[in-house]
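There are 2 protein chains.
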Amino acid sequence: MTEKKLFLTFSILNLVFTVYILCNDSTTWSPRWTNSAAAEAEDAASVSCSGHGRAYVDGLGVLDGNKPPCECNNCYTGKDCSVLVSDCPVDANSGNPLFLEPFWRRQAEKSAVLVSGWHRMSYIYQDGSYISEELERIIRKLHKVVGNAVTDNRFIIFGTGATQLIAASVHALSQINSSSSPSRLLASIPYYNVYKEQAEFFDSTHIRFEGDAYAWKKSKGDDNITQVIEIVTSPNNPDGKMKRAVLEGPNVKTIHDYAYYWPYYSPISNLTDEHLSLFSLSKATGHAGSRFGWALVKDKGVYEKMKRYITLSSMGVSRDTQLYVLQLLKVVVGDGGEEMFHFGYETLKKRWEMLNKIFSMSTRFSLQTIKPEYCNYFKKVRDFTPSYAWVKCERREDPNCYEILREAKITGRGGEMYGSEESFVRLSLIKSQDEFEQLIDMLKKLVSQEVAGADSI
Amino acid sequence: MTEKKLFLTFSILNLVFTVYILCNDSTTWSPRWTNSAAAEAEDAASVSCSGHGRAYVDGLGVLDGNKPPCECNNCYTGKDCSVLVSDCPVDANSGNPLFLEPFWRRQAEKSAVLVSGWHRMSYIYQDGSYISEELERIIRKLHKVVGNAVTDNRFIIFGTGATQLIAASVHALSQINSSSSPSRLLASIPYYNVYKEQAEFFDSTHIRFEGDAYAWKKSKGDDNITQVIEIVTSPNNPDGKMKRAVLEGPNVKTIHDYAYYWPYYSPISNLTDEHLSLFSLSKATGHAGSRFGWALVKDKGVYEKMKRYITLSSMGVSRDTQLYVLQLLKVVVGDGGEEMFHFGYETLKKRWEMLNKIFSMSTRFSLQTIKPEYCNYFKKVRDFTPSYAWVKCERREDPNCYEILREAKITGRGGEMYGSEESFVRLSLIKSQDEFEQLIDMLKKLVSQEVAGADSI
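Chains as they are written, first to last, in full-length UniProt numbering: chain H, 1 to 457; chain X, 1 to 457.
Read the hints as simulated data drawn from the structure, not as lab findings. Fair warning: there could be bad hints in the mix.
The list treats identical chains as one, so a pair stands whether inside a single copy or across any two.
The list that follows gives simulated cross-link-like pairs (lysine to any residue, SDA-like), each with its CA atoms no further than 20 angstroms apart [stated by the list, open to error]:
#1 K305 to D203
#2 K67 to G334
#3 K392 to E416
#4 K445 to D91
#5 K79 to S46
#6 K110 to D43
#7 K243 to I370
#8 K110 to N35
#9 K67 to E136
#10 K444 to R105
#11 K67 to I138
#12 K380 to V145
#13 K110 to G65
#14 K330 to D43
#15 K110 to E42
#16 K196 to Q175
#17 K144 to A108
#18 K243 to N270
#19 K110 to A44
#20 K196 to R396
#21 K330 to G61
#22 K110 to E40
#23 K141 to G61
#24 K110 to A39
#25 K298 to Q433
#26 K110 to P68
Construct the complete structure from the given sequences, taking the supplied hints into account.
Written out as structure tokens, the structure is:
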């Protein structure tokens, strides 16, 4: 009887095992041609870089069959980025938005995308355009959930970064009225240096960079003939302030650069509704490397001219990039931006608290201040937490602030790059946590010298 | 005894099963965060489109949770592309290189790439550049295995398609000597229309498109002062012939557009060794949609100017695209290009045989002819099998060849777009097999009318 029972038990057990194995082999999803790509990605992601770097599938040496190496954050070195270089200079120059990287690492599963070797080989999507309709839809959705821009009755154009769209929009607007003299491109000081550099480098016969919009208003305020294009960056790069157009009139066209108009950096205080606005993936999700931006355009003629510009300069944006961006924005829009914007905002808020604390102890250096405003996104009054510190050296004996900071081993960008004075420097606050902490350490040192210096007087 | 044996057998079996399950769960590779991306890709790839279309992961409606729909080849319709539209007009206009799609479908596993949500978010690679070193290496390797270009002592620049690099190189060369009058851009007729369109649209003060290089040589052959840039497209678009520079002299700069210099289209008769050459992924692997091209540049000054152009227009090429291209080229270089170039060449060879057969029956239409040459890649004398048929309408009463073909439901590109005469039309031969077969059918009809007409006389 006992043996019979045991026999029965074993039989049942065997049956259960057999069914388990069969089911496991047949009904669970078993990847096939995607196997090795997935394994490669997992391998790279599993390389440990001590939290101070990361390895990428296309890292140096992978063609030789090597495991992708760690690429370390600034001031970290060693095979696994575990060695901190002491007294290492801080790079606060670039607006590299790596502060959002931790968020995307947490969203590993949802944000991953597998590109097949035959993905959209054609020049065109099925509607004959260079633009993914699904991506266009999700961009409209993104603006809706954030509440930063009206997208109804707007054309959308994609660019290889907002960079390409700045050039395209300036070019399109400069060709609206082909008067004999070129259109003047203006922006109020301090302004993003690329506006000037592009206009001067591309040397179109139809455009000339003319500098400060306020200066123009003062000297040529009555000129209703010369065609003028003003770029309004709001929040502004470098100082994070909300900007409005300085110029108006029948001869004035305006481009609104809203690259920084996201809840991380500033309150979303109003739903913008302009003729031509630019946005950049870099500052929206942190993917600067993907080179993706978009424009919202009201006027059909301007839209057509911009489209022609994008066609002739690059025949649109890479279709694999468009697929990638779609996947990223699916994650963002999925929860109404909740997790990403909160994470990013909390990160920058903490950074600004630390920064303000340091600068509050200084009379030699000052920071920009911006009054809190109500944010329609977070539904509360909140501080501005801009991407950049716009530092001023207050002493007469410190005319060149960039140099002062550089001596203290902090590399920023000098005010003159923004049409402003050398007493200003822009410091990037949106890089990795490591880099921000290095910046804080160096700033502490610098400011403590000042206090110590005052004590010794 | 028998029961004991059975008992033992069952025990062992249970042990084996247990071990199997444990091992299966722990030691085989089990994908984790890559799971759903892989499943999504497999799902899309498994959509059946009757061999006349394909579904992509970012197809219309996926945001609503729908399965990606079939996107059908021209003249096919229905949910699964199984319905052939009768008497449907043929589109032989675009140089969409879908003839290589079947190759990439066969290479599904090797060519797939999984992009993580935190892939290279930074503006720069670790060396501070916008260029993947591994990708640069494999491009040099590709040229080595094909034998179409010297890459030693050359700088490599990436562009958002060769399109962007045409603009960048023309711009760079026009700024070498800043004389008061603009550089003249020339190309010998028939030439690729984008050269002209870019120069005219971007309206740089330093460049003016001047048309035919032969005409310039004839009228200004002695002018050693005016700065001149000649673009040499070889094999040529539209007619597939090998071209040499027409102009020379101290005031002449040359850009070699080698977009079509791959074994599919022409014999690789010599290892090119020029100052500035352009290549395009579109015509090399068929990935027109990925917008990727590269330039080989000898002179450091020109290289720096081109780099500056790429920086100011787009801050380099999307890092996810660079990863994708690396994966594709790994497949190609893996077997020395063997499989891809053979497949592509055999495809075009068959297409040209069919085409030649049809045109041999016509006196009304003629095709370009190019003498066979020895190909260093295939190690044999072989025919040219260009991407495009350069059709001439031979009759006086057919002055506009584009219109003649359009009436016969074949859309090509008129000769005047290439600076040539209206008696020429370019027909694309590198689209999908479906589209080529439609073209052949329509051409047969057209030519048979001619024969029937002759019979009736």
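Output the indices of the hints that this structure fails to meet, ascending. 10, 17, 20 and 25
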